[in-house]
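Note that the protein sequences, when read in sequence, are chains A and B. Numbering of the first sequence is given in the numbering used here, commencing with residue 1377 and proceeding in unit increments. Numbering of the second sequence is given in the numbering used here, commencing with residue 36 and proceeding in unit increments.
A couple of the hints might just be wrong.
[Stated by the list, open to error] Pair ranges (Cβ atoms, derived):
{"#": "1", "chain 1": "B", "residue 1": "Arg300", "chain 2": "A", "residue 2": "Ser1387", "range": "25 to 35 Å"}
{"#": "2", "chain 1": "B", "residue 1": "Ala343", "chain 2": "A", "residue 2": "Asp1554", "range": "26 to 36 Å"}
{"#": "3", "chain 1": "A", "residue 1": "Asp1554", "chain 2": "B", "residue 2": "Ser238", "range": "26 to 36 Å"}
{"#": "4", "chain 1": "B", "residue 1": "Leu162", "chain 2": "A", "residue 2": "Val1397", "range": "29 to 39 Å"}
{"#": "5", "chain 1": "A", "residue 1": "Arg1617", "chain 2": "B", "residue 2": "Ala283", "range": "30 to 40 Å"}
{"#": "6", "chain 1": "B", "residue 1": "Leu377", "chain 2": "A", "residue 2": "Ser1387", "range": "12 to 22 Å"}
{"#": "7", "chain 1": "B", "residue 1": "Leu377", "chain 2": "A", "residue 2": "Val1397", "range": "49 to 59 Å"}
{"#": "8", "chain 1": "A", "residue 1": "Val1561", "chain 2": "B", "residue 2": "Ala188", "range": "30 to 40 Å"}
{"#": "9", "chain 1": "A", "residue 1": "Val1561", "chain 2": "B", "residue 2": "Ala283", "range": "40 to 50 Å"}
{"#": "10", "chain 1": "B", "residue 1": "Gly213", "chain 2": "A", "residue 2": "Trp1501", "range": "21 to 31 Å"}
{"#": "11", "chain 1": "A", "residue 1": "Val1561", "chain 2": "B", "residue 2": "Ser238", "range": "36 to 46 Å"}
{"#": "12", "chain 1": "B", "residue 1": "Lys153", "chain 2": "A", "residue 2": "Asp1554", "range": "36 to 46 Å"}
{"#": "13", "chain 1": "B", "residue 1": "Arg295", "chain 2": "A", "residue 2": "Asp1554", "range": "51 to 61 Å"}
[What the hints assert, rightly or not] Under the rule of at most 30 Å between Cα atoms (straight-line distance), these lysine-lysine pairs were calculated in the DSS-like manner:
{"#": "14", "chain 1": "B", "residue 1": "Lys181", "chain 2": "A", "residue 2": "Lys1464"}
{"#": "15", "chain 1": "B", "residue 1": "Lys181", "chain 2": "A", "residue 2": "Lys1558"}
{"#": "16", "chain 1": "B", "residue 1": "Lys368", "chain 2": "B", "residue 2": "Lys419"}
{"#": "17", "chain 1": "A", "residue 1": "Lys1536", "chain 2": "B", "residue 2": "Lys206"}
{"#": "18", "chain 1": "A", "residue 1": "Lys1464", "chain 2": "B", "residue 2": "Lys206"}
{"#": "19", "chain 1": "B", "residue 1": "Lys206", "chain 2": "A", "residue 2": "Lys1534"}
{"#": "20", "chain 1": "B", "residue 1": "Lys419", "chain 2": "A", "residue 2": "Lys1534"}
Just so you know, these hints were derived from the structure itself, not from any lab. We treat Cβ as the ideally placed atom computed from N, Cα and C, and that holds for glycine.
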Amino acid sequence: MPQLWLYVALSLYGVGLLYAVVSLWGGRPILTRIMLPAVGLGTIFHFVALVEYGMLGPAVAPSFLHQMESLLAFLLMAFFFVVYFRYKTASPGVAVFPVAFLLTVLASAPSSLANSPSPGVSNRWIIIHVGLILVGYSALFFSFFASILYLIQERNLKAKATGGGFWSRLPALATIDDIGYKCLVFGFPFMTLGLIAGSILAEAKQLNLFRDPKILLSILMWAVYMVLLYTRWSAGWRGRRAAYLAAFAFAAAVLAWSVNSGWHRFIAP
Amino acid sequence: MNFQLIGVNHNSAPVEVRERLAIPEQRLPDAIRTLVQQPGVEEGMVLSTCNRVELLTSSKQGTDVRGFLPTYFGINPESLNSHIYEFRQQDAVRHVFRVASSLDSMVVGEPQILGQVKEAYAIARGLGAVHSALDFLLSRAFAVAKRVRSETAIGSSNVSVSSVAVQLAEKIFGSLKGTTVYMVGAGKMAELAARRLMANGVSAIFFSNRTHERALQLAEAFGGEAVPFERLYETADRADIVLTSTGAAEFLFQRQHGERFLARRRNRPMFFIDISVPRNIDPEVNRLDGMFVYDIDDLQAVAAGNTAERQREAERAEQIVQAEVERFAARLKSLAVVPTILSLQEQCETIRQAEMDRIRGKLGNITPDQEAAIDAMTRGIVNKLLHTPITTLKSSVAEPEAASIHDIIRRIFNLNSGKPTK
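Pulled out of the complex, with its shape left as it was, chain A reads as follows:
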């Protein structure tokens, strides 16, 4: 049953994907109208699927990696709705929907990988470690995308462009800036705690942290994250410089996520 809910969520996210693609080419009013209810319903189905998998236990659940992808997609959608209700803008959807769709496609594909990433270590700790980091990732993703939107809006305003289309309907510069900054501030503690939880786990298994590229990249990402926050606090960095830093942190995050096909080297199957 949960697999069915996941498929339903996936097809509803498809509407979001279509909206994202069409928006960039001028948009269709009908898609704009059905997009929110569709992806909203999709997110609810997705939540149901996640909860059901959680309740059914490891015997039926898909591989851990797939659950991670699914959870990340769900968190991104949840973030989208938080931003939508707080700032009344659906602009982040253009980036969020395709990514959430892709992650859900990956998550709903059949898999033969092991269910537990690390036999012998309590699954609960791993879930806390991964869950916290995924919330941090989602926030970072939003912050990164907001900085791109900021650049585009800044360029629009400087070029005095008055044309129509999706890019002229972006939220105000200050709003985009606020979204980016709030996401950054929100995500940082999650990322930090997630990394701490991970290091406690590794400590418990007495592993050498610095031989794993995933951990090295994560530490690098965390450091850039901190620089981003610091420059924002001290010098009010935004716009181009902030976008470069955010892009760097985001690239490190994506690399850290994808390296070793999602696993730490010491527990790779």
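Given the coordinates of chain A, assemble chain B onto it according to the supplied hints.
Just chain B now, kept in the frame of chain A:
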């Protein structure tokens, strides 16, 4: 039903002509009463705004109220002829729809006209001068206006320079609430823009002028603060929006000023509106991250862009109006057969009742159940017999031979008058 609309507007007549024909609100009831007393006029209403004076009438046979305005105002008709336009039937319907939807306005999309039409309608309706056909037409016009407003972006773009300034500031700061404005120099346009910015929630305003007294005056008028001109560069970074309108021949703000402001503001964006000619702000400032400079040409270009956008939306609105005019005509035609349907039903019902009375006399004592059964049966027969003529009448309205079908049915059933015989 025959509709006639005559009038003058900002396109057909200069203000000297329009002002002679304008009907003040207190004289409107009198004008409407006089209008519906014209021979043949069944309903009438008058719309008088600063941009237009229009008379709308409906009649059975078709009338001509062209002479009304010159007679009413005692003006030589010759002098008006070239300014008056006239629309009849569908063209009149289209014009009413266009006016209500603000497509015929001087500033296309401006929202006031709909309110003015509604007011004129309410006055005429209150006097009983609008009751059936015009009532139907006007209520459709309001629905069309609503549709145009919700389905096109015709009312959303701004055109004047000061509203463009506000629009741009909102694109940068989101809302103007809590922002600070710095006015450098003074002038009518700058004052206008300042007023507009204040109306949109700007929380603090500074004035600086080479003549400090002038700055003091303005500060007092706007409830702001005057800053001596010598302190301009140390204080300008306090503002989110700087509006310059001085007669200075050289740039007041240059790149290095912008850099200094940015450092002091910890990179918070700043918006420069330069409405002075020659310009007061070096365009180089616009190259700095977070600095936005718009000169008068830029503002006008944005305003012009808005007008072009409005034009595009107006074209879409015209299509909506055209579709609605056709729908209205179809509904009006179907209304024309309503009296015939009613008298047909009434005539048959009279015959049925007479036959029921006759049968009651013949049968003598019948139970209420039996009477109800006979009643239901006769009613059923009548309904079944009438079904085809009524559906034929209704469906014929869109066909070219509608009039002859209508006529044949009236003759077959011997329906003499178009009105129900009550």
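How the hints compare with the structure:
{"no.": "1", "hint": "B:Arg300 x A:Ser1387: 25 to 35 Å", "result": "violated, 48 Å"}
{"no.": "2", "hint": "B:Ala343 x A:Asp1554: 26 to 36 Å", "result": "holds, 32 Å"}
{"no.": "3", "hint": "A:Asp1554 x B:Ser238: 26 to 36 Å", "result": "violated, 18 Å"}
{"no.": "4", "hint": "B:Leu162 x A:Val1397: 29 to 39 Å", "result": "violated, 57 Å"}
{"no.": "5", "hint": "A:Arg1617 x B:Ala283: 30 to 40 Å", "result": "holds, 33 Å"}
{"no.": "6", "hint": "B:Leu377 x A:Ser1387: 12 to 22 Å", "result": "violated, 53 Å"}
{"no.": "7", "hint": "B:Leu377 x A:Val1397: 49 to 59 Å", "result": "holds, 56 Å"}
{"no.": "8", "hint": "A:Val1561 x B:Ala188: 30 to 40 Å", "result": "holds, 36 Å"}
{"no.": "9", "hint": "A:Val1561 x B:Ala283: 40 to 50 Å", "result": "holds, 43 Å"}
{"no.": "10", "hint": "B:Gly213 x A:Trp1501: 21 to 31 Å", "result": "violated, 46 Å"}
{"no.": "11", "hint": "A:Val1561 x B:Ser238: 36 to 46 Å", "result": "violated, 25 Å"}
{"no.": "12", "hint": "B:Lys153 x A:Asp1554: 36 to 46 Å", "result": "holds, 41 Å"}
{"no.": "13", "hint": "B:Arg295 x A:Asp1554: 51 to 61 Å", "result": "violated, 25 Å"}
{"no.": "14", "hint": "B:Lys181 x A:Lys1464", "result": "holds, 24 Å"}
{"no.": "15", "hint": "B:Lys181 x A:Lys1558", "result": "violated, 39 Å"}
{"no.": "16", "hint": "B:Lys368 x B:Lys419", "result": "holds, 25 Å"}
{"no.": "17", "hint": "A:Lys1536 x B:Lys206", "result": "holds, 12 Å"}
{"no.": "18", "hint": "A:Lys1464 x B:Lys206", "result": "holds, 14 Å"}
{"no.": "19", "hint": "B:Lys206 x A:Lys1534", "result": "holds, 12 Å"}
{"no.": "20", "hint": "B:Lys419 x A:Lys1534", "result": "violated, 74 Å"}
Hint check: violations occur at hints 1, 3, 4, 6, 10, 11, 13, 15, 20; the rest are consistent with the structure.
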